[in-house]
Every structure is written in C-alpha cells, then in structure tokens.
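Could you slot chain B onto chain A? The hints should help.
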Amino acid sequence: MPQKRFSIGRIYLALVLIVMYLPIFYLIYYSFSSGERMDGFHHFSWVHYQALFQDTRMISIVLNTLVLALLSALLATVVGTAGALMINGIHNRLWRRNILILNNILLVSPDVIIGASFLIFFTFLGFKLGFWSVLFSHVAFSIPIVVLMVLPRVKELPKSLKDAAYDLGATRWQAFSQVTIPGITDGIMAGFFMALTYSLDDFAVTFFVTGNGFSTLSVEIYSRARQGIDLEINALSTIMFLVSLILVYIYYRFSTKKGAKRRLNQ
Amino acid sequence: MLKFTGVKKQFGSNVILQDISFEIEEGKFYTILGPSGSGKTTILRLIAGFEFPDGGTIAFDGQTINQVPANKRQVNTVFQDYALFPHLNVFDNVAFALRLQRVNKQEITARVNEALNLVHLADFADRELDELSGGQKQRVAIARAIVNRPKILLLDEALSALDHKLRKEMQTELRQLQRRLGITFIFVTHDQEEALAMSDHIMIINNGLIEQSGTPVDIYDEPLNHFVADFIGESNIIPATMVEDYAVEIDGRQFSCLDGGFEPDEAVEVVLRPEDLDITSVAKGMLTATVESQLFRGVDYQIVVRDTEGHEWTINSIHKTVVGKQIGITFDPEDIHVMRFNESQTDFDARLATYQEGGAHEQE
Chain A
2 MPQKRFSIGR IYLALVLIVM YLPIFYLIYY SFSSGERMDG FHHFSWVHYQ
52 ALFQDTRMIS IVLNTLVLAL LSALLATVVG TAGALMINGI HNRLWRRNIL
102 ILNNILLVSP DVIIGASFLI FFTFLGFKLG FWSVLFSHVA FSIPIVVLMV
152 LPRVKELPKS LKDAAYDLGA TRWQAFSQVT IPGITDGIMA GFFMALTYSL
202 DDFAVTFFVT GNGFSTLSVE IYSRARQGID LEINALSTIM FLVSLILVYI
252 YYRFSTKKGA KRRLNQ
Chain B
-17 MLKFTGVKKQ FGSNVILQDI SFEIEEGKFY TILGPSGSGK TTILRLIAGF
33 EFPDGGTIAF DGQTINQVPA NKRQVNTVFQ DYALFPHLNV FDNVAFALRL
83 QRVNKQEITA RVNEALNLVH LADFADRELD ELSGGQKQRV AIARAIVNRP
133 KILLLDEALS ALDHKLRKEM QTELRQLQRR LGITFIFVTH DQEEALAMSD
183 HIMIINNGLI EQSGTPVDIY DEPLNHFVAD FIGESNIIPA TMVEDYAVEI
233 DGRQFSCLDG GFEPDEAVEV VLRPEDLDIT SVAKGMLTAT VESQLFRGVD
283 YQIVVRDTEG HEWTINSIHK TVVGKQIGIT FDPEDIHVMR FNESQTDFDA
333 RLATYQEGGA HEQE
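Chains A and B supply the protein sequences, listed in that same order. Start counting at 1 in the first sequence, then tack on 1, and there's your number in this note's numbering. Under this note's numbering, the residue at position 284 of the second sequence is numbered 266, and the numbers go up by one with no gaps.
Read the hints as simulated data drawn from the structure, not as lab findings. Careful: at least some of the hints might be erroneous.
Listed below are the simulated DSBU-like cross-link pairs for lysine-lysine, each with C-alpha atoms no more than 35 angstroms apart in a straight line [stated by the list, open to error]:
#, chain 1, residue 1, chain 2, residue 2
1, A, K156, B, K307
2, A, K156, B, K119
3, B, K54, A, K160
4, B, K(-15), A, K163
5, A, K129, B, K(-15)
6, B, K302, A, K160
7, B, K10, B, K(-10)
8, B, K54, B, K150
9, B, K133, B, K147
10, A, K156, B, K(-10)
11, B, K150, B, K302
12, B, K133, B, K150
13, B, K119, A, K160
14, B, K10, B, K87
15, B, K54, B, K119
16, A, K160, B, K150
17, B, K87, B, K133
18, B, K(-10), B, K119
19, A, K163, B, K(-10)
20, B, K119, A, K163
21, B, K(-15), B, K119
22, A, K163, B, K302
23, A, K160, B, K(-10)
24, B, K87, A, K163
25, A, K160, B, K(-15)
26, B, K147, B, K119
27, B, K54, A, K156
28, B, K302, A, K156
29, A, K163, B, K133
30, B, K147, A, K160
31, B, K266, A, K156
32, A, K163, B, K147
33, B, K10, B, K(-15)
Sample of chain A residues with no beta-carbon within 10 angstroms of chain B, all distances over it, derived [as the list claims (entries may be wrong)]:
#, residue
34, I62
35, A83
36, V113
Facing chain A, according to a computed beta carbon distance under 8 angstroms, are these residues of chain B, among others [stated by the list, open to error]:
#, residue
37, A30
38, F34
39, P51
40, N58
Every residue, glycine too, gets a C-beta built ideally from N, C-alpha and C.
So here's chain A without its partners, still in its complex pose (with noise of 0.2 angstroms):
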C-alpha cells in the first residue's frame, strides 16, 4: 500500500514530536534574545552566550558534570559487568532470580527515595558529603542499569566458546580477556552510555548528596532557575542540545552498523 502524503499516522506523529521539542525549541529560541527575559524577543545576539563562557562557576559545573558521569560510568560498568557474569555463573536458579530482583528493586525505586536512603547512610557514616558522596551514589544507581544491559549478552554467549578458548590452549585469563569479554562488548558498550546518561541526568539523588562545595548541572540550574530564569542557562541548554544530537547520532552510526552486519548473519 502506498503510504499517502498525510496519513493519520504522520499528522499524529508530526503533532507529538512537535510536542515534544516545541520546549527546547522555545529555549533555544530565547537564547538568541538580547533581552533579559522570555517575554518577547528582542533582537539577534549572541551576548547569553558570552556571558556563559565568562561564568567560571557555571563552566567548572560543567566540567564537575562531565567528569562525574565518565568516572561513575566507568565504575559501574566495571562492578555491573562483573556482576553480570556472576549472575550468569550462578547454577541455582532459585538464587539467581532473586539477586536480579534485588537488582531490579534498586532500577524502579524513586530515586527521591534512593536519595534520602544515601543521604541518611552518609551522615550516619559521617561521611563527608561532597564529590565523593555523589560520586559513590552515581555509581550505586548505575550499577543495575549496567547488570541488565549486559547480562543477556553474557547468556546470549556459548558456553562452547570458553571451552574451545581452553581447548586452544587458553587459560583461565585469556579465555575470559579474549573471548568472553569480547563476545559482550555490545552489551558493555551500551551499558556505559546507559550509565552515563543516567548520571548527567539525575537531579533527586544528588540534590540529597551533594554537599557546599560541590554541585551538578541539573542542581545547579534548578537552584538558579529558582531566583528566576537567567538566559544564560538557555544558551547552555542549546550547546548541551546540540551535543547530545551529535552524540546520538555517532551512536546510531556506530550500532546500525554493527547491527546489520549481525543481521545479514541471521
């Protein structure tokens, strides 16, 4: 059936996608304004953008963002990956399945609730809230995320490939280096970008963590939002827009390619 120029379906489409970017759009919009509110645009200028690059403070929480993310991504999917593969060695499937409830309590818990729950395990440590308190969430709330992403491709991978690993000669190091983490790299891969994503974005749990001296990005713009809305932070939303754009579609480039690749195979 030919599809026709306006189906339905495409008005529907087009009415939620609308929708859905017609707020950033606006944000972006406004960005460009000289005026100092979104109350009508003035005329072109690029001066909430010089602003941004002159505040110090907003560019080292940007930076602090940046880095938070990379460093508890990386760790989560460190411990998540390690995790999965014991998940997956558990021969009592009794113990396996609750190890992955426990997991997936942890995915669909508020995250209000996981913020107050670390918050209070902090003080009563007396631990210094700080980059290290929200370091150490992040890579708690990722850690689940990371266990699923990776842990159908540990199941998906024969167990034939460890033996034939042996059976060439392989010990117990090389098989798991050069064969079974390669075998789950798909899986590792999206588990990292699926950790970082959720640390960029969570404003819950580090609003309860974060101590003076440290702030994210999403803290730090509700905070600033709240004693009215600075430009600035639209011509900060527009970059971060734009990079994620540019980021999504090196991934989409990335997977599709590997993905027909495995589908031709089938």
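Just chain B now, with coordinates in the frame of chain A:
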C-alpha cells in the same frame, strides 16, 4: 596412545558413565556412537579435559592425565555449534591457538594458510564469520582445531547441523583429511549410518557402558545384543531357540545356521537384516506371513509383514507386493545371526573362536 580404565563420571546423583574402558590407537578414525543421553559426549569432554573423571584412570602415552586441564592437553575439539569466536575473522579464529603460544608472525601466516588449504577455504582468510555458510563455518572450526597439530582431534556431533547432502560431502572429506594428516580422530555421533561410513572402529555406548566395540563390518554383521542390533541398521530381532549348534528353531520350524557354542535348547534371539530377506510364494517360503504395509523409498520398497506366530518382519525388496497378500519369506543360513542373552564381548569373542576354528564360518 589413549587409554581409559574403569572410568566413572557422575553429575550429582546422576551417573553418566558407569565403567568405561577402551584403548585408542594412533592414526585411526574412531566413532563413539550412542543415543542422546548415553554418555558419549561426556567421554569426549573427559578426553578434552573439560570434565574430570570421578573414578578410574585416563592415560595418554602411558601417563595419567585425569586432572590435566584442557589447555595443557594435546587434544583439540571441533564443537557441535562450531564455537567460533564471533569477534574474530576466519584467519584470526584459526590463528587463535598459535597467537597464544606466541608463534612468530610468518609461521602463523604459513600454518593458518596451510590449515585453511586443507579444508578448502584458502581464499576465505579475510572473511568475517557472518559471510560464511554453515558448511564453511564447520570447515573453519576444523581448520582451527588442526592448526595446532594435536595428537587427537575430537569431533562432537560435528556434522549434525548440516543438511543431508553437505553432511555426506563432509563425511568423505573428513575421512580423507584424517588419512592425510594421520591424526587420530574421535568422532561422536548418534547417526549410525555416519558411524558405519566413516570409522575404522566404532564404540557403541548406552547408559554409560560400552555395549560393543569393533569394526563397522563386525558390528553390523555380528551385533552382540538386542540394543546394538536394533541401534545399528534396520533389523528383525525374533525370539528363537538353539536346538543344537548350527540349528535354530524360529516360529516352531528348524533352520540351519552358522552359529555354535550354545547349550542345547537355549533360548536366544536371532537377527535378520531386512535386505537379506526375500519374498516368495507361500509354497516356496520358509515362513508364511501376511503383508501389512509397503513403503516406496526410491531404491527399494520397505515391506512390513506379520508371520503366523505374530512376529513382525521388515523386508527391503526391489520388487513390490500387495498389501494383505499371503507371502513366503526365505533366507539363507548365513543371514541368520544368533545372539545369546547377556553375553559380554569377551565371552562372545571366545565362543566365536571355539567354533570358527573348524572353518564352518566364512565371515568377511
């Protein structure tokens, strides 16, 4: 070269191998044949070193290797699912073992190409696995296993994933490859036809025990017991009585046969292969039967008949008959193979020796 002595293996309370003893000689093609769950793959995994025995000894060139892990054994395996490394291309898969040993680059290239040549994949070195057919993957798996020049090559149901035609081709090729390399092949399969076609020696496994061990011809012509007779080829297994040596009573009628060394009036089972039976008129027949079904199979008809005593006989004939018709069955004395109940292979061989000395038997 490789010797199993009273090997036992169990997983939990599940006994897989009860008591397995055999010896493997150098340069031969062995087949371990058995139904699924018989323990044949476990034997292979014990040889490879993926599992370790719970009892008995496994010796390689006179040295016990019970606890030697797989990566220290001069044995390589071709897996049922090929187990090729998906992130590596054909060349790198085959080169895997050599790279682990840090063989120099030139030698790796030479040896990988040689192995790929042997399996007729010389031009495929740079291909990704996705670009290969099932048969080609199978060949890569074989090349990967022989590149390391093992003393023994194990093949675990290696051809079962291929279609019929390709499987036949690979059977011939494997046999040729084995002759050319001179390596001992141990092939595990549940396909009796494959076993008969390829092997120098077959071991039939059932319930964790070796039922019979011998050349394909020996096993086909002289199955030791009901299980082997039934498992290898098509067969009619009919209860009978040994009236005396060289005379067997089937359905109350006495026939001469070539088997001896029995007690008088001993209850036995006789095996008659469907291709050895002929259909004739009732008057000329040695037994009378009614045709129950007829199946055209291309080369012949498979005809199932029921005799007057209610025993079912399968007959393979190139002549067709009519369902419901009364027919006569004929066979020659040498077509009858008599099986004693619960006879071990040693006892069977001993009995065979006693009456074959007279030259009454003209096997092979």
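A quick look at each hint next to the structure:
{"no.": "1", "hint": "A:K156 with B:K307", "result": "59 angstroms, violated"}
{"no.": "2", "hint": "A:K156 with B:K119", "result": "22 angstroms, holds"}
{"no.": "3", "hint": "B:K54 with A:K160", "result": "20 angstroms, holds"}
{"no.": "4", "hint": "B:K(-15) with A:K163", "result": "26 angstroms, holds"}
{"no.": "5", "hint": "A:K129 with B:K(-15)", "result": "67 angstroms, violated"}
{"no.": "6", "hint": "B:K302 with A:K160", "result": "51 angstroms, violated"}
{"no.": "7", "hint": "B:K10 with B:K(-10)", "result": "25 angstroms, holds"}
{"no.": "8", "hint": "B:K54 with B:K150", "result": "34 angstroms, holds"}
{"no.": "9", "hint": "B:K133 with B:K147", "result": "30 angstroms, holds"}
{"no.": "10", "hint": "A:K156 with B:K(-10)", "result": "31 angstroms, holds"}
{"no.": "11", "hint": "B:K150 with B:K302", "result": "29 angstroms, holds"}
{"no.": "12", "hint": "B:K133 with B:K150", "result": "25 angstroms, holds"}
{"no.": "13", "hint": "B:K119 with A:K160", "result": "18 angstroms, holds"}
{"no.": "14", "hint": "B:K10 with B:K87", "result": "32 angstroms, holds"}
{"no.": "15", "hint": "B:K54 with B:K119", "result": "26 angstroms, holds"}
{"no.": "16", "hint": "A:K160 with B:K150", "result": "28 angstroms, holds"}
{"no.": "17", "hint": "B:K87 with B:K133", "result": "24 angstroms, holds"}
{"no.": "18", "hint": "B:K(-10) with B:K119", "result": "34 angstroms, holds"}
{"no.": "19", "hint": "A:K163 with B:K(-10)", "result": "25 angstroms, holds"}
{"no.": "20", "hint": "B:K119 with A:K163", "result": "18 angstroms, holds"}
{"no.": "21", "hint": "B:K(-15) with B:K119", "result": "32 angstroms, holds"}
{"no.": "22", "hint": "A:K163 with B:K302", "result": "54 angstroms, violated"}
{"no.": "23", "hint": "A:K160 with B:K(-10)", "result": "24 angstroms, holds"}
{"no.": "24", "hint": "B:K87 with A:K163", "result": "25 angstroms, holds"}
{"no.": "25", "hint": "A:K160 with B:K(-15)", "result": "28 angstroms, holds"}
{"no.": "26", "hint": "B:K147 with B:K119", "result": "16 angstroms, holds"}
{"no.": "27", "hint": "B:K54 with A:K156", "result": "27 angstroms, holds"}
{"no.": "28", "hint": "B:K302 with A:K156", "result": "54 angstroms, violated"}
{"no.": "29", "hint": "A:K163 with B:K133", "result": "21 angstroms, holds"}
{"no.": "30", "hint": "B:K147 with A:K160", "result": "29 angstroms, holds"}
{"no.": "31", "hint": "B:K266 with A:K156", "result": "66 angstroms, violated"}
{"no.": "32", "hint": "A:K163 with B:K147", "result": "31 angstroms, holds"}
{"no.": "33", "hint": "B:K10 with B:K(-15)", "result": "14 angstroms, holds"}
{"no.": "34", "hint": "I62", "result": "39 angstroms, holds"}
{"no.": "35", "hint": "A83", "result": "20 angstroms, holds"}
{"no.": "36", "hint": "V113", "result": "42 angstroms, holds"}
{"no.": "37", "hint": "A30", "result": "6 angstroms, holds"}
{"no.": "38", "hint": "F34", "result": "13 angstroms, violated"}
{"no.": "39", "hint": "P51", "result": "7 angstroms, holds"}
{"no.": "40", "hint": "N58", "result": "6 angstroms, holds"}
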